[in-house]
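Below are the chains, spelled out letter by letter.
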Amino acid sequence: MTTKKWRPLWSYDTEKTEPWLSNLSSQGNRLISVNRFTRMFTFEQGPAEDVQFQVVYDKSRKTLSKVIMESNWEEVFYTGNWRFLKNDSKGVSIYPSREGLLKRNRIHFYVLAGLAMFCVMPFLMMFLLIWTLLTDINSVEPSPYWWITAVYFMSVISVLVLTIFTAIKLKAFERKYFNSAVDDNEVSGKTFTKWRFAWMYEPDKLEKWLSEMAAEGNHLIRVGKIGTNFIFEKGTPSHVSFVCDYQIKTTPSYADIHKSAGWQLKFTSPYSLTKHSLWSQEYAEGEDIPRFTYDDAEQKAQVRKVLLASTGVIMYTLAIIFIYLWMGQSFERQVGWNVHSFIEWAMIISLLSPLMIMIKTFNYAIRMRSVN
Amino acid sequence: MKIEKILKTYIPMTETAFYILLSLTIPRHGYGIIKHVEELTKGRLVLGSGTIYGTLTKMQRDEIITVYADEKRKTIYEITDVGKELMRHEVNRLKELHASALMYEGEFK
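In order, the protein sequences belong to chains A and B.
The opening position of the first sequence corresponds to residue 1 in the working numbering, with each subsequent residue numbered one higher.
The opening position of the second sequence corresponds to residue 1 in the working numbering, with each subsequent residue numbered one higher.
Source of the hints: derived by calculation from the structure; they are not laboratory data.
As the structure is a computational prediction, the values presented were derived from the model and not from experiment.
Warning: the hint list may mix true and false statements.
[As the list claims (entries may be wrong)] Straight-line distance between alpha carbons at most 35 Å, and here's what the computed DSBU-like set of lysine-lysine pairs gives: (1) B:Lys-109 / A:Lys-103; (2) B:Lys-72 / A:Lys-169; (3) A:Lys-66 / B:Lys-109; (4) B:Lys-72 / B:Lys-35.
[What the hints assert, rightly or not] Which residues of chain B face chain A? A partial, calculated answer using Cβ under 7 Å: (5) Thr-14; (6) Ala-17; (7) Gly-30; (8) Tyr-31; (9) Thr-41; (10) Lys-42; (11) Gly-48; (12) Tyr-68; (13) His-98.
A virtual CB, placed ideally from N, CA and C, is assigned to each residue, including glycine.
Go ahead and model the full structure; you've got the sequences and the hints to work with.
Okay, here's the thing in structure tokens:
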């Protein structure tokens with residue numbers, strides 16, 4: 001006798017799916033197959049088994065590695081890039097990597113987030129339009145195509161909900177299996193806050209400032225969510241090395257590998273793409289200052305990466321500002337529709353921010369030239 | 001990636017890449033690699049975690065190494081058959097280098 005169970009979002013929530021499968025197995029439901037498209041799990045009645053499950057996503061589709069097989073992992077079912085493994089040993093000490101799964105869910109999240117951005121603007125516009133129409137109820141005529149509007153609304157809402165859901169699950173997954181959480185220090189006394197803006201464009205200055213603060217006995221406890229407020233606690237002076245790192249793209253093992261080498265994660269931007277993060281490590285008097293790399297070529301490559309990212313930000317902001325200014329001008333000339341001069345001034349003033357970033361970036365490039 | 005292409009990109013190997021693969025004769029954590037390389041070279045070669053991260057990421061992409069996790073969810077790196085073949089080629093090259101060095105060593109005195 002077979003039973004079917006529907007679990008539509010199982011692949012974004014393997015943390016719950018795996019214990020669910022183990023639980024069913026202990027009740028005598030043996031997993032036979034999973035349909036990737038209908039999201040349907042099929043089970044067969046059999047003897048109860050006390051096993052743990054792991055869902056593996058592996059694009060290379062290679063056979064299980066020797067170490068994994070020697071650790072008693074057994075394939076129950078596979079479909080596409082997915083493998084469902086079970087293990088009936090008690091003290092399992094070797095697990096298949098979850099990197100493939102994390103990478104896959106990250107891609108899904110980025111696609112969904114992109115789609116959500118793409119949907120939200122037209123959605124809001126339409127919402128406003130319908131709102132104005134509905135408040136003037138007499139002007140509304142019943143349309144035979146209302147269902148199209150309804151379907152559209154439903155799909156936009158479901159994309160938004162799914163994006164938020166995957167974002168939350170992804171973060172929890174990374175924290176649990178890839179040690180990606182920020183290291184918080186216990187606060188024992190009074191703290192004080194200092195503000196720093198746009199430090200991503202001059203990472204060397206922030207590193208120096210924080211090291212000097214530590215040498216004066218001001219220890220960084222944590223950094224605010226958006227990375228502008230630095231919270232310190234007064235203590236004894238010590239030697240602390242800070243590294244402000246930038247990565248265009250990070251792999252799942254990024255945080256863990258630095259943490260295992262003794263670094264504390266003090267701040268990280270939320271996503272795996274264009275990642276800014278701040279790290280600290282204490283060292284003893286006379287010891288070499290800990291760095292991420294001691295290799296000249298790698299250090300230069302890192303500087304180039306930061307310069308490239310800053311240039312990207314500058315170009316992007318400038319492009320947006322100029323498009324708005326140009327649109328305002330052409331509206332004025334062609335339609336005689338006057339954009340409020342306040343808005344125009346605001347746009348011109350907002351040119352200051354890319355200008356400031358440009359100066360910071362330029363100075364950073366000069367400083368790095370003389371260092372290396 | 002085909003083995004010929006891997007040999008072409010990785011040989012001659014950088015010192016970092018060579019010592020990382022050399023320390024993977026047994027599976028190790030990222031930090032285990034740093035420590036082992038430091039011991040092997042008696043402190044001459046200190047690898048930063050950024051160096052290790054960059055090299056391991058590339059090697060994993062090219063399937064020279066593979067990963068799994070231990071019970072504490074720490075990533076463990078292991079050399080693959082492709083990686084072993086790469087090392088055999090590199091060791092042969094180094095042997096030749098070494099033999100040549102010994103042969104002509106005296107000329108530079």
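Comparing the hints with the structure gives:
no.	hint	result
1	B:Lys-109 / A:Lys-103	56 Å, violated
2	B:Lys-72 / A:Lys-169	20 Å, holds
3	A:Lys-66 / B:Lys-109	51 Å, violated
4	B:Lys-72 / B:Lys-35	19 Å, holds
5	Thr-14	9 Å, violated
6	Ala-17	12 Å, violated
7	Gly-30	4 Å, holds
8	Tyr-31	4 Å, holds
9	Thr-41	13 Å, violated
10	Lys-42	15 Å, violated
11	Gly-48	4 Å, holds
12	Tyr-68	5 Å, holds
13	His-98	24 Å, violated
Hints 1, 3, 5, 6, 9, 10 and 13 from the earlier list are contradicted by this structure; the remaining hints agree with it.
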